[in-house]
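Build the complex from these two chains, which are given one at a time in their own frames, with help from the hints.
First to last, the sequence lines map onto chains A and B. Mapping of the first sequence onto this note's numbering: residues 1278 to 1712, in sequence order. Mapping of the second sequence onto this note's numbering: residues 399 to 553, in sequence order.
Hints are computed from structural coordinates only; laboratory data are not their basis. Careful, some of the hints might be misleading.
[Stated by the list, open to error] Footprint (simulated), chain A over chain B, 3 or more residues, beta carbon under 8 Å:
(1) 432 to 438
(2) 444 to 451
(3) 471 to 483
(4) 544 to 551
Beta carbons are placed, not taken as given, at the ideal position from N, Cα and C, and that holds for glycine.
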Amino acid sequence: MAANEQLAMLVQADRVHRSVYADPAIFELEMERVFGRAWLVLGHESQARRPGDYFTTRMGREPVVVVRKDNGEIAVLVNRCAHRGATVCAEGRGNAERFVCPYHGWSYDRAGMLQAVPFAGGYEKDKLPKGLKSVPRVSVYRGFIFASLSPHGEDLEAFLGPARASFDDFVDRAPGGELEVAGGVFKHAYDGNWKLMLENHLDGAHPAWVHASSVAVARGAPEPGRPGEEHYYDIAVRQMRQNGAPDAVWDAIGMWTTPYGHGYMGDYHDDSRLVAGLGNPLFEDYRRRLVAAAGEKEAERILRVTLWNTIIYPNCSFMSQFRQLRIIHPVAVDRSVVHTYSFRMKDAPARMFRDTVAFANVVNGTGSWVLTDDLEVYERIQRGLSSGAVDWVYLGRGHGRDVDEPDGTRRGATGTSEIFVRAQLAAWLRYMSAK
Amino acid sequence: MSAMNVEQFLYHEARLLDTQQLEAWLELFTEDATYWIPLERNQQDPLETSSIIHDDRTLLELRVKQARHPRAHARQPLARTVHQVGNVMVSEEGTGEITVNSTLQLVEFRNEKQRLYGALVEHRLRRAGETFRIAHKRVDLVNSEGELDGIAVLF
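In isolation and in its complexed conformation, chain B is listed as follows (with noise of 0.2 Å):
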């Protein structure tokens, strides 16, 4: 499988968010899927040490429905995205998974405001076919550390 073809899976994902299609791009995930956003710098614990998010795909997909939710107050309207990939690599290539890594920038505009944020992004992808599922998606938002405005966007 060649990176240009992995290029255009991260480019999809990135889409169906900047869309609003939330629910495409849950079923993106594999059944087993973990979606993590660390709170820590090299973090390699996300059971002993909190995150920022660390669901697995039952909670994932309550994200998605609550963002659907008519009182989901910090999250209706939806946000407008842009998700903007680069520097794909692909890193690992075994038999049953890739390792993709990316870096994200992600502008959220909602509420009259405008937030920036910057992620070093690692997908490991299963092949679907013509086509990948995820099977984990890692976000380090270079600010995990930081002190954050809730976050309610989807990366």
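Bound conformation, chain A alone (with noise of 0.2 Å):
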């Protein structure tokens, strides 16, 4: 394995081979060549705002410390001793002056330099070494904070390519631009291959599928209340049923795909209280406030941006819209686990906040409705490629009817198209074969 002619007979126009999703050896090269290679998403700046702030993620399976600087940089140490290899920093996010090795007590500042070395007369002064690895690349994108293991590789900017638009409308959305990490942090596991959670984003023709018993439950609940008579329970109610449009409204909402593999699909909600909220008594006072921010013109352009799941290749999905997003860490070629971060925008009216919370529960949530059933599916994917007697898996919904657009983009025929998982295997490929 791991010749590179044998990976690109893996991955074919409109199929790709089960070992891609099963193989444990495939598994630990995607480790070395994808997540040691791309762009990941790391967080928000929010969550490291003051000199000291930090906060511990992976990348890939490396575990990390991202942390604010003295001089107000990010910096992205690897969380490993650099004396025998304990973890400096413990789970979680904090504020520190020093990282101070629990072993033997080696200390680091915020940059990762080395500052302190108990029984220090016991070393050779000049082999020492200088501190934490610090993670080559770190790059900030209107707030969110990226990271890549591979000193060389394409800047962030051309990375993301047209996929910042979904960038700009998450941040354009917040009157005066500003967003936070709130709420708590959901963490949920599978298992299953990290890119079927990437692939099933995108989605369309899945929905009417692995959530049909969602869809039924929902349609048969209570009707939600008109604007001023709402019911806690109207988000998850509304949400669910949507996620029961008829095919035609799938067909037709606009699906994107980009050379790096990134997607993202347009909205398929015709619920006015979900996402535009026009229903919504606190929509006029959202309005207003990101009016008088952005001006009249600009907040309507705003405004008029109907996008939902963005994938931001190979380890992260968000919702612009709803202020959801998740990081993926891989843990095996057969298990996953995924963090989900919701946001506050920090001039809105406060109670919008309350429908981020319960759309992250009923949509997000390790006990919801919804995400139960796609991680049940997931497994069962798994187990299906975990098969040696079928080789193939077959991607062809829209397959030759792809439209180049004039931005960069590649569009689907249709909002169904499997154009998402092509792109991203096509570029699975490159970051696999690249020398």
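Written out as structure tokens, the structure is:
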């Protein structure tokens, strides 16, 4: 395995070999060549605003600390003592002057430089390591923190390409552009390959089947209240019902991909309360604040953007309109962990955040009616693809009918085209084959 | 009302879940009930911090109905469970409601996987003739902030 010619045989125009999802040797290579090369989304600046603020996360399987240095820049440090290898920072977030290894007390400053070594006389001074390994490339786009474990490669703007528009939508919707991570972090896991989640989030042909049960019970639920007479359950009921949108809606939403494997879909909601918020008494207040901050014309433009899920390949999925962002951490070829963050618009009416939280619970919650069925299906795909009896996964929906757009995106012939899987796997093959 | 009767009621509730009498279990809850599995330890607020589950009575009913739906992929066939209730303490006995704290160990078996949960549980019960109804149930999983596989079982 691993010769580039062999890898190239696994990804074909309208099909992919099952080993891409099920072979542990390919997974090991992915950690080196995909997660070890690509820009990865790590989080948001609001998680580390002041010098010394830090949070831990992972880049693929590498434990890292994201920290605000004294000079105001963000550093990403591999969370591994330069001495004997213990993680120097406990999992979580906080503020630290120094990261002190629990094993022998080696301490590092906020930039990861080694500051103090107990029993220093025992070492040859010029042989001591300089500090923690620093992740070579770190960059920020509109408040979102990215890093790459590789010193080489395209810059972040080129990597994002037209997918920058999705981050712009995320940020522009906030009056004054101020967002902050808030409301708790969901962490869920499943026994399946990391790619299954990224592929599912742009798949408009799945909700009618995977989510059939939550659509059915929501349709039988009491009617949501009119503006001013709303119930706690409304957001959940509306969103679950919306997953049962007719096939024609899914076909019409629009599906775009970019050369680096990113993709985004148009919105499938015709429920004005959920997204545009037209029926929401808070919305007028929100719109006034957006107009005050951005001007009438710009506010109108911002609110006309109707995007739903965006995938930033290979580790992130977000919903700009409902301010949800998921980061996937591959654990093994058949095990993945997903952390889900909600964002508050700092200068929007405070109660709007309650809708974000209610939405997070119903769609992204570990006990959700919706997410649990997705996870069940990922595990069933993994079981199926672990069988050697059949080699190929068929990706033919819309194949041969993709449209190249002037802005550099490629659009699916319909909103339910499987173009997004083909684009992700094309990017995968480039990362995997590059020297 | 003696603690023994409160205990019997909690055992009855657990038995309904373990024998898959989900609709009868739902009927234990008052019309204004809340059913809450917080995401964070010591979480005070269910509206501006996410929850693993935070249901009013309407949403709890949808949860029970979903469990019976033939295409509820994560729920059908229903998991086999044992809800082991312990350390029952009546902590507050007011005029209208009784607050009861207990511990729960839940063993779940489904899809060739057995999972074990531990939780601190708080019930607020209202007297209803010879028995009680549940006005509020809060289940604090010991690993609520951990990386959890999807939760489709009822606590």
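Hint by hint, here is what the structure shows:
Only residues whose beta carbon comes within less than 8 Å of a beta carbon in chain A count, and the stretch 432 to 438 of chain B has 3; three or more means the coverage holds. Using a Cβ-Cβ cut-off of 8 Å, 7 residues of the stretch 444 to 451 of chain B lie near chain A, which meets the minimum of three, so the contact claim holds. Coverage of the stretch 471 to 483 of chain B by chain A holds [criterion: at least 3 residues with CB-CB distance below 8 Å; count 3]. Counting residues of the stretch 544 to 551 of chain B whose CB lies closer than 8 Å to any CB of chain A gives 7, so the stated coverage by that chain holds, three being the minimum.
In summary, this structure violates none of the numbered hints.
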